[in-house]
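Number of protein chains: 2
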Amino acid sequence: MSELITLAHGNGGRLMRELIEEIFAHALADSHIDTSADAATIDMHEGVAMLTTDSFTVKPLQFPGGDIGSLAVHGTVNDLAVSGATPRYLTLNAIIEEGFSIGQLRILITSLARAARECGVRVVAGDTKVVARGEGSGLYLATTGVGFRPAPVDLGMHRIKEGDHIIVSGPVGDHGTAVLLAREQFGLRGDLKSDAASVLPLTLAVRELPGLRFMRDPTRGGIATVMHEVARATRYGVHLDESAIAVRGSVRTVCDMLGYDPLYLACEGRVVAVAAPDQSDELVQRWRAFDIGREAAVIGKITRGNAVVLVTPLGGERLLQELEDDPLPRIC
Amino acid sequence: MSELITLAHGNGGRLMRELIEEIFAHALADSHIDTSADAATIDMHEGVAMLTTDSFTVKPLQFPGGDIGSLAVHGTVNDLAVSGATPRYLTLNAIIEEGFSIGQLRILITSLARAARECGVRVVAGDTKVVARGEGSGLYLATTGVGFRPAPVDLGMHRIKEGDHIIVSGPVGDHGTAVLLAREQFGLRGDLKSDAASVLPLTLAVRELPGLRFMRDPTRGGIATVMHEVARATRYGVHLDESAIAVRGSVRTVCDMLGYDPLYLACEGRVVAVAAPDQSDELVQRWRAFDIGREAAVIGKITRGNAVVLVTPLGGERLLQELEDDPLPRIC
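Protein sequence lines, in the order shown, are assigned to chains A and B.
Mapping to this note's numbering: the first sequence position 84 is 65, numbers consecutive.
Mapping to this note's numbering: the second sequence position 81 is 62, numbers consecutive.
Fair warning: there could be bad hints in the mix.
Stated by the list, open to error - Partial chain B-side listing against chain A, Cβ under 8 Å, derived: (1) 20; (2) 26; (3) 32; (4) 114; (5) 127; (6) 139; (7) 239; (8) 241; (9) 257; (10) 260; (11) 285; (12) 286.
To be clear, the hints were calculated from the coordinates, so they are not data collected in a lab.
Even for Gly, the Cβ is constructed at its ideal location relative to N, Cα and C.
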């Protein structure tokens, strides 16, 4: 096999078949993917079937703490997880730029396969396309996930009430900052790693708590954007307690230098939850039992009004606006 | 709303929300898509659940007979249809290049929504990403489909036997040739239209015929590539009767001028079927009842040996090789 992707790797013929067999089917052997079928049969599990999809255009393709392959699994697994579902099946789309290194493709798809195995999901169908040089950016991926939610689990913004507590499972902004630092043009380097990970252990641990109202993973636009979505959908306000929101020192330093606000930066391994006030402590305790939830904390509450307000350590109030300009493109 | 896509349309904030509400959710209103949810709940239907995915990078985005929007529905609907399933749900990924026209995006997504309506599928989840100028090609789409196959329907290459007949539902190579002509650099224009369409009416009409073994839509690599896939999987050979394979005059003219073989060019609205010899006539008759199946015909048979052979009108035999170089990139 030649070492760089050519347009012929996308034409349906021999080179494409070999590429799919040697890289995709090989890495995904555990998934029992049948590359000769038009559609995969999937077993229906107990509960309510749920479907979600996500595309991945992160730049660079590898960053401290992850790469586009593992991210493409975690992003879709997490969307199902925060919906209260157990992810079971994934499909995979790869749009590869002519000239991309086949060796790097192998590394990234192997990473994807490992992440899928760790999350207990099977990649059951896929598609690859090759686009000409200058019409892509190395590799774009998209994954679609099917999961099953136990019928009694009922989560959604419609369940949010005034006085509910807002909980986040860990420090915010790590992923956005790590990707930023991985871009060479900034000339910065740090020991910061992305938080990118499956949040499934966290959501499985709490999804049947009766006082749990809603969960979301704060990706693009960060926790401030999730709070805006809550305020818009519920017509309640949100008060966040700045001193309760963990932000790593290195994230704060980079944000101060470059003028970013960590509340608007993407996380890829955190969960924001809204829970009844009498169950928020229980939720925090359950999350703290996990490494990725060690710094879980109540960070605010649902209020009257319709504003998203940050209460500063000195008791001042700062309105968190809806995100307008892109603070940081291509982080997922 | 400004008229061109900016990176801020992909950042999770206000512009992205407005873009999704005003274009995607608006066009897909019939689908009852909930753009505020992380995952969509889907009803399970009778039968066996099937999952498939496809990416779309066709260039140009609009061509005689279709566009990337309708193609993104038909491609995935057809993969489920030829598997014997009735498609029900789609998810949609859009990777949009900075600077793309919002007006054109609206036209293409409206076309996609119309095609989904016509096929009886609901688009229940989606994701958009915006990439910088020069890192895309206007618009790439990916769709993933969920469908349900009646439990008694059992189709697959494992059911193919020596002596089975091969049937195609209409003329071949229209789509590939139409896309080729739509590329201005060729300086050619014809009245040829792509065959791109849903083949669901055809597959529903025959999927319960007990003698039907296998169906596939001959997209990338054309019918020659489907025949190679059959030969490789079954270890049988294939004899195709050149005089029985319909090729439109305009397709033949263009192929002769440019050195393409229509048997290797993509169709996007045809089905190749393999059926028991005593049921191939019944299958052809059922297909001919439809406009898109009017020219259905038996075009060959499954033989001993392992070669894909074209029998010419004069009785000569030509070996059809597996596709190597890309005859025509970016046709789907």
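key: Minimum beta-carbon distance criterion (8 Å), residue 26 of chain B to chain A   = 10 Å, violated
inquiry  = Holds or violated: the hint that residue 260 of chain B contacts chain A, with Cβ atoms closer than 8 Å.
reply    = Because about 21 Å separates residue 260 of chain B from the closest Cβ in chain A, which is outside the 8 Å limit, the hint is violated.
inquiry  = Hint validation: residue 241 of chain B versus chain A, beta carbon distance must be below 8 Å. Holds or violated?
reply    = 12 Å, violated
key: Interface hint for residue 20 of chain B, Cβ within 8 Å of any Cβ on chain A   = 4 Å, holds
inquiry  = Quick check on residue 139 of chain B please, does its C-beta sit within 8 Å of some C-beta on chain A?
reply    = Violated. Min distance 10 Å.
ask   = Should the interface hint for residue 239 of chain B be scored as holding, given a Cβ-Cβ cut-off of 8 Å against chain A?
value = 16 Å, violated
task = Using Cβ atoms only, decide whether residue 285 of chain B comes closer than 8 Å to chain A, and label the hint accordingly.
result = 21 Å, violated
query = Regarding the hint that residue 32 of chain B lies at the interface with chain A, is the smallest CB-CB distance below 8 Å?
reply = Because about 5 Å separates residue 32 of chain B from the closest Cβ in chain A, which is inside the 8 Å limit, the hint holds.
ask   = Regarding the hint that residue 114 of chain B lies at the interface with chain A, is the smallest CB-CB distance below 8 Å?
value = At 11 Å from the nearest chain A Cβ, residue 114 of chain B fails the 8 Å test, so the hint is violated.
query = Would the hint on residue 257 of chain B stand, with a C-beta cut-off of 8 Å toward chain A?
reply = Violated. Min distance 21 Å.
ask   = Holds or violated: residue 286 of chain B as interface residue toward chain A, Cβ cutoff 8 Å?
value = It is violated, given that the least Cβ distance between residue 286 of chain B and chain A is near 19 Å, above 8 Å.
request  = Tell me if residue 127 of chain B is really an interface residue toward chain A, meaning its C-beta lies closer than 8 Å to one of theirs.
outcome  = 7 Å, holds
When each numbered hint is compared with the structure, violations occur for hints 2, 4, 6, 7, 8, 9, 10, 11 and 12.
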